Amino acid sequence: MTVCCQSLEDAARQIRDNVSEKYSRSRRCATSDTIPQRDYVLDFSKYKSSASEFFHDPRRWFQLTSNNAFLELLLQIPLAVMETTSDSRRVIDVQLKTHCHSVINTASDMIIMELAEYISKAENATAAADFDLAKSEALKPETMQNFAGQAYKKLTRLWPEIKKCFDLYIGVKETEEILLQPIKKKIIDVSSFTVYIFLLLKTVTLGFLY
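Okay, so the sequence shown: first residue is 1 according to UniProt numbering, each after it adds one.
Honestly, the hints are just simulated from the structure, not real lab data. Mixed in with the good hints there might be a few duds.
List of simulated lysine to aspartate or glutamate pairs, EDC-like, C-alpha gap at most 16 Å [unchecked claim]:
| id | residue 1 | residue 2 |
| --- | --- | --- |
| 1 | K185 | D109 |
| 2 | K164 | E177 |
| 3 | K163 | E176 |
| 4 | K153 | D93 |
| 5 | K153 | E114 |
| 6 | K97 | E176 |
| 7 | K184 | D109 |
| 8 | K184 | E161 |
| 9 | K164 | E176 |
| 10 | K164 | E174 |
| 11 | K186 | D93 |
These figures come from a predicted structure and were not determined experimentally.
All chains should be modelled from the sequences, with the hints used to inform the complete structure.
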């Protein structure tokens, strides 16, 4: 299973685009769903037990019943069903979780990366002891409006494309929604924090005027 996952990683690295990432994730979803919960293994301990009983009681050699030692030895099936010991599903789940987080971050960054970076810088700037809004070109209302406008344009243009890609490579609405929810949350969180920074700067501006 580890080799299977590694082959998908190698293929994705060779293609190096979003299609490879979605294909890799979709194959992991499919593989995870098809892994059996139990393994079939050969268990020769049954033969060992039957052979021991065979020589232990020679009287059963010639019995014309189902208790015949020869029949029991010949018909013993060395196949046993037991819980999966290699934990293959866990290998897939770990890989799947990693790639899902990567897709979530990539999709959200396509829309709000520049705005998020700007908001982070603005937060750090306003927290500084020597912060002076009048000297900060980056925190002018026009600058914030520009970043927020770019994010909104990307949202309206890219969100339908992201949903279309998810539908193409996943095709299961419930799974798509599970992945889309954290993307929505990141976008909403950054947008909400943008409003917070705007109100904070407005408060600082009013204080500066008085």
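Violated hints - listed by number, lowest first: Violated hints: 4, 11; rest satisfied.
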